[in-house]
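K.L.:
Can you build the whole structure from these sequences, using the hints too?
Residue numbers (the numbering used here), protein chains in the order written: chain E, 508 to 985; chain U, 601 to 1087.
Just to be clear, a hint being listed does not mean it is correct.
What the hints assert, rightly or not - Taking beta-carbon pairs under 10 Å as the criterion, some of the chain U residues facing chain E (in silico):
(1) Ser805
(2) Glu913
(3) His965
Stated by the list, open to error - Straight-line distance between alpha carbons at most 25 Å, and here's what the computed BS3-like set of lysine-lysine pairs gives:
(4) Lys636(E) <-> Lys721(E)
(5) Lys636(E) <-> Lys941(U)
(6) Lys1011(U) <-> Lys691(U)
(7) Lys586(E) <-> Lys941(U)
(8) Lys977(U) <-> Lys586(E)
(9) Lys1011(U) <-> Lys953(U)
(10) Lys721(E) <-> Lys586(E)
(11) Lys770(E) <-> Lys941(U)
(12) Lys977(U) <-> Lys862(U)
(13) Lys953(U) <-> Lys941(U)
(14) Lys849(E) <-> Lys636(E)
(15) Lys691(U) <-> Lys941(U)
(16) Lys982(E) <-> Lys953(E)
(17) Lys615(U) <-> Lys630(U)
(18) Lys586(E) <-> Lys953(U)
Quick caveat, the hints were computed from the structure, so don't treat them as lab data.
Don't be surprised by glycine CBs; every beta carbon is placed ideally from N, CA and C.
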Amino acid sequence: MKWEVVIGLETHAQLSTVSKIFSGASTAFGAAANCQACAVDIALPGVLPVLNTGAVERAIRFGLAVGGEVSPYSVFARKNYFYPDLPKGYQISQFELPIVVGGNLTITVGEQDKTIRLTRAHLEEDAGKSLHEEFRDRTGIDLNRAGTPLLEIVSEPDMRSAAEAVAYARTLHSLVRWIDVCDGNMQEGSFRCDANVSVRPMGSTVLGTRREIKNLNSFRFLQQAIDYEVQWQIGELEDGRSIQQATVLFDPASGETRMMRTKEDAHDYRYFPDPDLLPLAVSPERLAAVRAQMPLLPTERRQVLVDTYGLTVYDADQLTASRELAEYFDRAAAGATEQVGKLCANWICGALSASLNEAGLDITQSRVSAQQLRGLVDRVLDQTLSNKMAKLVFDAMWLGEGDADQIIAAKGLKQISDSGELARVIDEILAAQPQLVADFKSGKEKAFNALVGQVMRATRGSANPQQVNDILRSKLAV
Amino acid sequence: MTYQTLQSLAQNLAKGTCSSVEITQDYLNKINELNLSLNCFISVDPARSLAQAAQADQRRARGEAGPLTGIPLAHKDIFCAKDWLTTCGSKMLSNFVSPYDAHVVESLNAAGMVTLGKTNMDEFAMGSSNETSFFGVVHNPWDLNRVPGGSSGGSAAAVAAGLAPVATGTDTGGSIRQPAALTGICGLKPTYGTVSRYGMIAFASSLDQAGPMAHTAADLALLLNAMVGFDGRDSTSLERPYTDYTGQLTQPLKGLRIGLPKEFLAAGLAPEVEQAVAAAIAQYQQLGATIVDVTLPNMGLSVPVYYVLAPAEASSNLSRYDGVRYGHRAAEYVDLMDMYKRSRAEGFGAEVKRRILIGTYVLSHGYYDAYYIRAQKLRRLIAQDFVAAFALCDVIMGPTSPTTAFKLGEKSADPLQMYLSDIYTIGVNLAGLPGMSIPCGFDGQGLPVGLQIIGNYFDEARMLNVAHQLQQVSDWHLRAPTAGVRS
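P.N.:
This is how it looks when you write it as structure tokens:
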């Protein structure tokens, strides 16, 4: 039997506010345990939550970016359960009325675009951390993370493969960073996914029973976990067993998923509106103010690049992989013609990306500034540098040897465009290579290329190739 | 037994006829003398109180005294006070020393008031008789065999017996007004959102409101002035223009329209209470007020609605007491679940457990719509009844409590009977309105009767004016208990 895979993702994006969602404590990562937990975070008797407007603004920004409806009125609810790292005994979240309803995200898998529908996105607070390994026979509690603002983004079960799920997660990851609502740091847990996975016979319209894989904090784990889970579920079904709704954990060491709890152990969270918080109202004015501050979205930026500089969709896609990269391109191509823009794109997607990858740096850490890159492109365009020389200059810039012009001067790398000088060199070559000249004249086009090669060698690559061509042709035509 | 009002103490301090240290010492002596028989206080700390009084005197010497500087008061033990044991009347918090001040405590400290101690209360404010306290019952100073009412029973008894000139209380379903009525003092629950709840240990967040307890309406106004104000730490705190609650006290009452809801004359209302209330209303007519018949058709639903919503919120509010970070933790347990169960089983008393169970039940899957959602809808109807009534009148009056103080143990075995003692006060909390109780007479056994005055939203100044005017022509509020107090 052929099986169809159905996947929906729930993603927790940590919002990039300086302080927590309901208290003034810092959200910075890495402090000593419990040093960033204030009276509200540790839920002392009598403390009350106060909503961080920065978290709301980020949620609105996300809603606008995915074309969802930003609710004029949403409600914080209490999700009640006992756990030592949940200080109040309830988590403040949004349940019936979330701040963002609907929206969608376009992903690309291979050459294919696909639109994934979003169900909702809601604001909530994170819990603390239970430290089971650090203490013998005991569990430590670190409440630094308690109260960190999260946006939980829920997709419809629109994905049909692990590859689509990963593409969705990557696109979402890039978007939340692009609109500056989340730093996307997956190692620190700022962006993590739960995957709801089910399978069904191909052609069926009924959803199979799903199992939810919790807390996947890398794209690789997401891929591996879904792959394993899909094979496991198919195996169960093909062996005549049925799937029980369950929550599972992925173990990266074994590459397997294992059961955490079944539906039977599911909590009754006894959701009800939090009486300590007023309903969250977003006025049309506030919405308009956030909209006015929105950057162009990746798809919009892509189109601008294609329209303005005639870039290929592929290059434009590369340049809009992150907002920082797009901004780097903007700085490099500032006020440029289509030709310059194209060259900038080539250099960024080519040599610069390669160097960054090799050094394990991102664009904000580039050793070649956008202005320096533009300086290089300008020298290529005015034919001071051949492409080959330009690469040498780029490498020198990467090593911190200065701007293009400084390096050209220091290394004497100027391209020879002086036709008198070139004619002299060409005459010498023609005199020294009678056989090649003879071959060319007898119709062997290859001999012409060999002669060009000789000229370039003699000038150590600094000759302007176009000019060499022209002069050679005219001399041989005589 | 005699007492002094906040107003007279303030005058003496201003004139320099006595110091805050002297006054404070005087009250500490009375506490020392009488608390054993009354059990009003859970914590006193004379050294700390006297140090605060000395600071107040220095402040006065510098010419920086405000109207309340140097006046001692007692705080209900529901308010977190820095470095004070803050128990909320529970074993669960019997070891909890607060590291911070509640907004109310902070504000009154800033005004220069002196904390005499923390007063006894029903556990987590759940009770109407102060019998659910882990720290023992509070005795009514008018008759030591009777309850002082609750949950602010310790504050009420302390003020009534002259152990503090004024006190703070909180009122979720009548917890300021009912004990005020049963001990013959004045108590006011402001409009919801007027006094910040920050640092006030939550019972039912959408109903809880702090307020002053005192001998006179004028004292209530003075204390309320220092308690109100917007607080960014409480999202339900309201930003309002400044009001001086003493500002309207002396206005004549001519033309005042008093609404009398017929529902307030329900079965179970003691005849002597009814008579005392009727007499007070007759006095108001002599002062120029007119009587308007109004109706609160859904009042009968207020007790059942309250006993769905308040426990629902409480069950969640009290989840934080899990033995993990502070408070009571069982000495022995086998695993996490066992620690939770034992710590909570040991830390909470029977009434608190009952309400947690009710609240957990009404919020549970499958029951939520039938109980919680329906109760919320009825809550709106109850509030609308008041809005309709206030279209016809300026204040609503009636009894605060259907009976005078009942005997210790009389109702504690029957929770339903106990819940009905709040029948006249609960609707006010559900509607978020201000309400107060002032003394208006005594029954045949010499027990005080309370008159309830309910105002429209933010109409506290008018209510205080109405109360003050009665106190200009009556002396119920000046009576002090003598017979019941052993000394």
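K.L.:
For which of the previously enumerated hints does the structure constitute a violation, in increasing order of number?
P.N.:
14
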